[in-house]
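Enquirer: The opening residue of the sequence shown carries number 1 in full-length UniProt numbering; numbering runs sequentially from there.
Simulated from the structure, these hints should not be mistaken for laboratory data.
C-beta: ideal position from N, C-alpha, C; glycine also.
A portion of the hints provided could be inaccurate.
[As the list claims (entries may be wrong)] The calculated label-pair distances, taken between Cβ atoms and stated as ranges, are: (1) Phe148 with Asn234: 43 to 49 Å; (2) Phe199 with Pro126: 31 to 37 Å; (3) Ile426 with Met162: 35 to 41 Å; (4) Lys400 with Ile426: 19 to 25 Å.
[Unchecked claim] Listed next, the in silico BS3-like pairs over lysine-lysine satisfying Cα-Cα at most 27 Å (straight line): (5) Lys233 with Lys405; (6) Lys336 with Lys472; (7) Lys402 with Lys233.
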Amino acid sequence: MSTDKVQSNNTGDSSKNLTLFGFFTITASMVMAVYEYPTFATSGFSLVFFLLFGGLFWFIPVALCAAEMATVDGWQTGGLFSWVSNTVGERWGFAAIFFQWFQITVGFITMLYFVVGALSYVFDWPALNTNPLLKFAAVIIIFWLLTFSQLGGTKYTARIAMSGFIFGILIPAAILVVLALAYVAGGNHLDIQFTSKTFFPDFTKVNSLVILVSFILSYMGVEASASHVNEMKNPGRDYPLAMFMLVIVAIVLSTIGGLSVASVVPLSELNLSSGINQTFAILITHYGKGLMWIVRIIAAAIGFGAMAEISSWVVGPSRAIYATAQKGLLPPIFKKVNKHGVPVPLVMFQGIIVTIWAAVLTLGGGGSNLSFLTAMSLTVVLYLISYMLLFVGYFILIFKHKDLKRTYHVPGGIGVKCLVAGVGLIVSILSFVISFFPPSGINSTGEYETILTVSFVVALFIPFIIYEFRNKFNHAGIDPTRITTKNAPDGHFFIHPKGRGEFHITPHENDIMNQDDVTPTAPKDDSKNK
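Construct the entire structure; sequences and hints are all you get.
Expert: In structure tokens form, the structure reads like this:
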């Protein structure tokens, strides 16, 4: 987001220039990804049920509640941290934004698994995706190379991310749909049954319901677009319309993509991190074994798309935590940025955490699918804590702060608001609980439950321990929404469209550093004189 645009948002009606279609495209890029299709495919025809359930009873409630909170006067910046802090309290606001950031350190692992799966096809090296040691080495090398590539600033990150989104997600998805339809039209064998009985999952078995977490994960992040409601010309009409349009489009595309994988790749042979490449291999070599080179080209494009996304996430999501550092909730070292505006200490710390997760999940998980599912579930349970706090905060808003002025209201009055938030909270709790059960179809002798539970319990206490030490940190008193430097490009904390969190960035005369400085000039700290 450019500096000029952010400034104009505070000037009045001239900022109301975001159309329905413009908002739709922003949000659509947050909830659509090709690499989720193999996980969807594991539920067979039931994936349609899960997509409908997650879209209507979780995605819509999150989108509507987040939009109302984002348009409250004074809450337009700060995202989840601001919403929860102003309702539940700063301690919980910090926990919410911490988990929103911390989940991406786990989410990196599933994305990196996807990259490794693509590279194993490009180089015809299956062991790269099946041997735990090789896989761990590949994950670490790729991640740190991408991390160091971002320390020079994110001037070109937006272009790279958009190129990756087009060539690594949209085009491969379109090719997949065309090939799948041609395969079905040719009367070929399908490894899936389309019946009313297979549409519904087995509700008597919790293990068969655990796959719901992957569908919830695919919808996560929509709250990041909520702040853009303030820029819409007619938010009361256009925002709900955009959300329902998005649910329909996401369900249709994800259904076609997931069913394409499920139809041609037997479940017993499906690899979650390279299932898309398996599908392309079957669909393309169906017309001739000599066409495998096309599969490798598509795999390379998909891998590039995932790496472009990872690159933009390296710095992007950390800006939310950077803002809390500016408020004095983290040690002073995390306030430092280099001459390109990148918070190097924070990014390095993030990298160390990702490395630890990679070791635990890849080497401790053993099997490829087990590691992938464990990483995915851990991402979900951490992020769901933030969403539960969001819904609790929303209830406090509508009952205790009903008089606060906001641009958007969930339509239908207090009764509908309670119903919407209540359904979202219940589904969040349900998804959280079932995440700790091992999914059906994987061979686990306790690794899944142990790694997931221990990792979650450890992560759960971290933000509260950090918050207890906040008074020992240096309170610089910097406005967290004013984070720019002289030599950094506008909006240098660029966040990928699917990235998590939302902080508007505006320039401030005090946030200027010299040409040769590696950190911005620190404002005067009066706390020592008190």
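Enquirer: Does each hint fit the structure? Answer for all of them.
Expert: These are the hints, each one checked on the structure:
1. Phe148 with Asn234: 43 to 49 Å: This hint holds: roughly 45 Å between Cβ atoms.
2. Phe199 with Pro126: 31 to 37 Å: Holds: the Cβ-Cβ distance is about 34 Å, inside 31 to 37 Å.
3. Ile426 with Met162: 35 to 41 Å: holds (37 Å)
4. Lys400 with Ile426: 19 to 25 Å: At roughly 21 Å between Cβ atoms, Ile426 and Lys400 fall inside 19 to 25 Å, so the hint holds.
5. Lys233 with Lys405: Roughly 18 Å separates the two Cα atoms, so the pair holds.
6. Lys336 with Lys472: Measuring from Cα to Cα gives roughly 17 Å; hence the hint holds.
7. Lys402 with Lys233: holds (24 Å)
The earlier numbered hints are all upheld by this structure, with none contradicted.
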